[in-house]
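Participant: Residue numbers (our numbering), protein chains in the order written: chain A, 1 to 83; chain B, 84 to 166.
Think of the hints as simulated: they come from the structure by calculation, not from any bench.
Owing to the predicted nature of the structure, the values given are computational and were not obtained by experimental measurement.
Treat the hints loosely; a few may be bogus.
[Stated by the list, open to error] Dumping the calculated BS3-like pairs for lysine-lysine here, alpha-carbon to alpha-carbon at most 25 angstroms:
(1) B:K164 with A:K13
(2) A:K28 with B:K125
(3) A:K66 with A:K13
(4) B:K125 with A:K13
2 protein chains.
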Amino acid sequence: MNFIAEIDVMPLKELLDPQGKAVAAGLKNLKLDAITDVRVGKHITLKLEAADKATATAQAELACQKLLTNRVIEYFTFEVKEA
Amino acid sequence: MNFIAEIDVMPLKELLDPQGKAVAAGLKNLKLDAITDVRVGKHITLKLEAADKATATAQAELACQKLLTNRVIEYFTFEVKEA
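Here chain A stands alone, though its shape is the one from the complex (with noise of 0.2 angstroms):
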């Protein structure tokens, strides 16, 4: 069966945001001031091929874990659904 992994790996709260800054900086300087934060991360489409749901979650929480999220500065959410 085919899934596919939607995954968000963002800055650690707690952690400064420079290139969220630079961009409110930037929506600011084109008027648009309703906006009062912001903060960038990745996104990450995973496409995967296994038996069943709990399989597929896992391979993309094990991707997460060793490859695609610093842990040290990001966090990640992930949503696995059947493609």
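Fit chain B to the known structure of chain A by using the hints.
Facilitator: Chain B in isolation, oriented as in the chain A frame:
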């Protein structure tokens, strides 16, 4: 009222995604063989202060079109919810 916009900016499906290919190769080296395809984009979280959800949605969409997305090579999807 406070809103949060969760934005995904991804490379267009027609385009090669070299970063995704590199990650896919890395995952293969880690024996995560269930993963068949990877695409890497940006995830952006905006905090907004707006009178209602329609205004917040309009501001988020404008931000995507004017600054956050290069429409030649990327597309965006987003969701606005109350904070």
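Participant: If a hint holds in the structure, say so; if it doesn't, say that too.
Facilitator: Going down the list of hints, with the structure as the test:
1. A threshold of 25 angstroms between alpha carbons decides the hint, and for K164 (chain B) with K13 (chain A) the separation of about 19 angstroms falls inside it, so the pair holds.
2. The straight-line distance between the Cα atoms of K28 (chain A) and K125 (chain B) is roughly 20 angstroms, inside the 25 angstroms bound, and the hint therefore holds.
3. Restraint check for K66 (chain A) and K13 (chain A): the C-alpha separation of about 21 angstroms stays at or below 25 angstroms, so the hint holds.
4. Only pairs whose Cα atoms come within 25 angstroms are accepted, and K125 (chain B) paired with K13 (chain A) is accepted, the gap being roughly 17 angstroms.
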